[in-house]
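Chains as they are written, first to last, in my numbering: chain A, 1 to 696; chain B, 1 to 535; chain C, 1 to 103.
A hint or two may mislead.
[Said to hold, decoys possible] Derived contacts from chain A toward chain C, CB cut-off under 8 Å, selection only:
1) Val675
2) Gln676
3) Leu679
4) Val683
5) Leu687
[Stated by the list, open to error] If you anchor each label on the Cβ, the simulated ranges turn out as follows:
6) Ala207/B x Asp645/A: 50 to 56 Å
7) Gln64/B x Glu82/A: 56 to 62 Å
8) Gly625/A x Pro171/B: 18 to 24 Å
9) Glu155/B x Ile12/A: 37 to 43 Å
10) Ala224/B x Gly55/C: 32 to 38 Å
11) Leu681/A x Glu97/C: 45 to 51 Å
12) Phe54/C x Leu690/A: 19 to 25 Å
13) Glu97/C x Phe693/A: 48 to 54 Å
The hints are simulated quantities; they were obtained by calculation from the structure and are not laboratory data. From the three backbone atoms N, C-alpha and C, an ideal C-beta is built for every residue, glycine too.
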Amino acid sequence: MSEVSLLSLSLIILFLPLIGFAVVIHFGKRFSKLYLFEVAIMGIALLLSIIIGYFKLTDFPIKDLVYSFNWIDFGNVPLIGEFKIELGIQIDNISTIMLFVVTLISFLVHIFSIAYMHGDKRFSRYFAYLGIFTFSMLGIVLTHNLLMMYIFWELVGLSSYLLIGFWYEKKSASDAGKKAFLVNRVGDIGMFIGILILFTHYKTFTFDTIYTQMAAGNIPFDSFSWLTAAGILIFMGAVGKSAQFPLHVWLPDAMEGPTPVSALIHAATMVAAGVYLISRIFVMLTADAMLFIAVVGAITSFVAATIALTQNDIKKVLAYSTVSQLGYMVMSLGVGAYVFAFFHLVTHAFFKAGLFLGSGSVIHAMHHEQDIREMGGLRKKLPITYSAFLIYTLAISGVPLFSGFLSKDGILAGTLVFGNLTGHWLIPILSFTVALLTAFYMFRLVIITFHGEPRNKEKYDHAHESPLAMTVPLIVLAVLSVFIWYTPNPINPDAGWFSAKWLQTPASVVPQETRFDFMQNDFSGAKYYSNEMIHSETYMHELHTLHYPAMILSILLGGLGILIAYLMYQWKKINPDKLAERFKPLYNFSLNKWYIDELYHYTFISGTIALSKILSWFDSNIIDGAVNGTAYITRVFANVSNLFDKYIVDGLVNFTAFISGFIGMSFRRFQSGKVQAYLVLVVFSVLILLLVFNPF
Amino acid sequence: MEGFPILTLITFVPVLGMLIILLLPGEQKQTIKITSLAATGVQLVLAVILLAGYNYNAGGVFQQGSFQFIEKARWIEIEGFDWLGTLKVDYFMGIDGISMPMVLLTALISFIACISSWNINKSPKGYFALFLLLDTGMMGVFVSLDFFLFYIFWELMLLPMYFLIGIWGGPRKEYAAIKFFIYTLLGSVFMLLVMIGLYFSASETLADGSQVFTFNLLALMDKANYTADGILSPFNPDNLRFIAYIALFAGFAIKIPMFPFHTWLPDAHVEAPTPISVILAGVLLKMGTYGILRISFPIFPEITKDLAWYIALFGMVNIIYGAFVALAQKDFKKLIAYSSVSHMGYVLLGMASLTTAGINGAIFQMFNHGTITAMLFLIVGVIYDRAHTRGINDFGGLASQMPIYTGFVTVAFFAAIGLPSMSGFISEALVFIGAFGVEEIRVLTIISTLGILLGAAYMLWTLQRIFFGNLNEKWSGLKDLTAREYVMLVPLTIIIIFLGVYPSAMLDIMNTSVNTLVDFVTIKVGNISVSGLLN
Amino acid sequence: MLEVGLSHYLFVSAILFSLGIYGIVTRKNAVLVLMGVELVLNAANINFVAFSRFGNFGIGGQVYALFVIILAAAEAAIALAIVLNIYKTFANVNVDEISKLKE
């Protein structure tokens, strides 16, 4: 298939969901079956993305296909010269894979939603929103420039806002939507400034052009700090969207949205956009920026994992687990394990979407009960959901033979090598701790929900397995959580499609001295990335030696986590309540999410509102007071003038009038009112004047 | 097209309508409204014709040759005062890329405001007559190229506005009207002083070779026209150009309104009837920034360059301060008024950058703010007509009650927030691109980006308080949009989204002129050394 | 033969003027007063034309004379209209007795 047809196909995929949105939002109320149109559109998009994926990866395995056009042309600008803003799309390997992931999960979620959202009064609008979301997400995936990235970045924020607040009658839902949008905006401002730095220097938003120039030694404002700043600032966008610490607070609240939405947007695709963004800017990250990213990712994954330990809402546990896993991916990019970050993004997308849909199935069965303390023993009632859920849990816990093991193992090895090479041991320590915690809290969730005896008999009795529209997506995702789709070798992904054929770490384009030593550059000028291995030999050697220790350690830690979970909740050998009692401060700290929400509430939110009240007071009392004061002073002055006028000036006038009146009295008799008499007077006067001032 | 006085027509068509209305008996309300709608409609059609005949490659700004649709005639000529020479005022109109968007905006907003005035039933004869006079004043400001003419239109718009607020306004209408009038008049006084100062400082050579003082803006932009000892002449070592610039700027700043001269705006908006708020926010505020671009920048380029940092500073203060104050408002209309203060800050910031992107963004923001804020005020009007209250906290849950209305509100709010795919984003982004590119004001720009966050905060909070949650039983009788309201909101929505997706449609109109302006202010002035000319 | 000079014209106009003034001052009937006004105006006209002929002022005098004639016609028309209205109101046109405006 030719380049042009691939590009046109991807444009069609991009705009299909938009058409779906436009049609369903306008006519959805009139035609109640119209949502099927949106579902069908997603089906077509999925098919097309498979076609694109196949032909792109076989016909153009290392080529980027680009289509761009001038969006705004400023012509010949003084002092700058030709100046224009280009938009365009780019299909390379990661966007191809993302295209498939997004359309697939979106399609599955559409199917799932038909059953899950059945009977909702805004049913068709829900599908319309899914359409606009998919459109925006595909825009992020396909963009070849930063501006379009930002545009679609904000648009996914919009659809996320609309979908979180979908049940806006609940205050908590509309609060959560607002919070999500605003917290994301904080990150977006950073991202926008970062983009501005690059644009101001390079006069283009296009990744490729920027990186080519950067590789040629042209860096923003000729300063390494600006380069680092640009990287970190753009990363701020990812901090917001991918819910990294300290902006992670919105994601757990976002669970107020319908559960399929949580699966699609807040687990699999949109939140992964942050990771995708970092992959896009990966080549321009300096060592400082990468370290920053790695630390943020590590802290996020640790913080979220500790919170997930104690949550009792099934979706909250999954939400914090998502935050934690996203932290993993971000950390992985920070330590230079580019391929595994992206690999984990894909595997995580499938099993986490599955977990959420599974939880949706449970919630559906339990009549919208989300508290796991009310559940228990559900495996007998929901066999399909249970088996699928267990597979996802095994995957996320890093058990061999499942997809999560492969990607997670790569990340862990990456952090270990990073720690060994740079001395930043904190990162591998945190990452391995998180591996333990993840296995524990995920199995805690599974055991409490599905095993044991039902705690709420009434709800248990009413529970039933979900309809086909819900179970089929679960099965598909469960199948995709098995190793075989990614690599034939269940313990080493290096031989697989992802890391060996489709993905290579791109070579760094930042100057040598700002780069980690192990990010060797054999860039020879033609293109900033190459098929050559870009890590140094030391790095490869380290990776080779540390790969198996990392793997064994991760299996051990994962196993330990599962074991503890079984000890505590299945076999009841350890009483979790007593444990909580003994470590009460720690338990509360975790249960209350490190008090971060409270912290923000009492600092930023209250501060902003207080400041706005103060300024509003200032505005209406001081500034407007000054205006009114001026008016008042003017009036006082006017009154004084008035008195002056009345008694002094007017007094004079009246006095004059009195005199005139007096004189007038004497002349009154002349005023006979007879015109002819006046005329006689005039004529005689003129004659007298002529005689007196004789002009002749 | 050549020689057809289309600008005169577009300016005075409303006056024509006004005359017809004045001849009609006051009871014929429907006829009066239709006449008024016809007048604004013709104006809109003329604006579109203007656009159709518009040459996208003509620069304008300071060259008379590249202005379009020029009409120039001697208007006032009084000879015989020794020290005055010949008093000569031209009737000089023309448009370029800076005024074209404003002409389109004025025609559009007037038309929509006219539809929105349909339910004015308190002496409609007077209302629509004044409304049309106001329309002429606004249009005249944007097409005049002679300072005298500009000033006359500027003042012409003031009077109807005073009565429209003062008679058809809300409870505190007298206070608001007088505040508006006096405040704006104060600005005009400054402008008048500068105008007279400029008049006596520059002379224009007529066709017969004689030298006369001039109000011609284009002549005033040319340094060569200044006399050696004029009070505002750059060749006079003791000139008062700096003070004049400040005075002129203050005159325009009141109109924008720039912090700290903004307090008339919330009062005027809150008290004005909906269509007048629409006009006020949609068009009137732009006259301030337009004046700066048309008069202050090219006539005083050297001072503009010196003071750009301060203009940017005020832009930043407007953005942040307006947003913070908006956040604290409990009155829906007041909130929108303060959001206007914030949004006009972007215009100031963009202009201060003196870059193509920044000034394009500023003009585009003027247009977009016109459409978006007009929409926001229409939206407030819709709810006020039904509920007779504007308290944000009085509502709740309207989304279920009025879904179509909520849809439009969402579009308008997100446009105001600067969501990509809507026009507001493009202009704000261009402003930031332009301003960030200038090293001196980079820090101010970075602080200004906070406005994006605060804007989202107050808008979303308002959206939540009015539309989300459970429906307050009190409002269960509210009806969704009527056909007339639909007709007002749909075109604005289409324009906002169209320009968000395809901004070139508007940017191409202004770009050549903006390039010319930037070139004129930043480069040409640098090359013409004033001291060199002195010797 | 006697050369008709400037002084002749002025003499005639002076007589005319005096007659006009006499008429205005002495007559009680408003119509007759108006006729006196006409005489005064025409006296002025003669002066204009005469100076235009004998003086060195171009044709300005004649133009002004024309103006005055037009003015006189207009004035007569309006004045007669007023007189008619006065007659309607007061049933006489005696200028001495019509003094309502004074009060």
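Right, here's what the structure says about each hint:
At its closest, the beta carbon of valine 675/A sits 6 Å from a beta carbon of chain C; the interface hint therefore holds under the 8 Å criterion. Because the beta carbon of glutamine 676/A sits about 5 Å from the nearest beta carbon in chain C, less than 8 Å, this interface hint is met. Checking leucine 679/A against chain C by beta carbon gives a least distance of about 6 Å; that is within 8 Å, so the hint holds. Interface hint status for valine 683/A: upheld, as the beta-carbon distance to the closest one in chain C is roughly 6 Å, under 8 Å.
Of the supplied interface hints, the one on leucine 687/A is violated, with its beta-carbon coming no nearer than about 11 Å to a beta-carbon of chain C, more than 8 Å. For alanine 207/B paired with aspartate 645/A, a C-beta distance near 52 Å keeps the hint of 50 to 56 Å intact. For the hinted restraint 56 to 62 Å between glutamine 64/B and glutamate 82/A, the CB-CB distance of approximately 28 Å leaves it violated. Taking 18 to 24 Å as the suggested C-beta distance range, the pair glycine 625/A and proline 171/B conforms, at roughly 21 Å.
The hinted range of 37 to 43 Å is not satisfied by glutamate 155/B and isoleucine 12/A, whose Cβ atoms lie roughly 57 Å apart. Checked against the hint of 32 to 38 Å, the pair alanine 224/B and glycine 55/C fails, with Cβ atoms roughly 50 Å apart. Against the hinted window of 45 to 51 Å, the Cβ-Cβ separation of leucine 681/A and glutamate 97/C comes to about 20 Å, which falls outside the hint. For the pair phenylalanine 54/C and leucine 690/A, the beta carbons lie near 22 Å from each other, so the given range of 19 to 25 Å is met.
Distance hint check: the CB atoms of glutamate 97/C and phenylalanine 693/A are about 38 Å apart, inconsistent with the given range 48 to 54 Å.
Checked against the numbered hints given earlier, this structure breaks hints 5, 7, 9, 10, 11 and 13; the rest are met.
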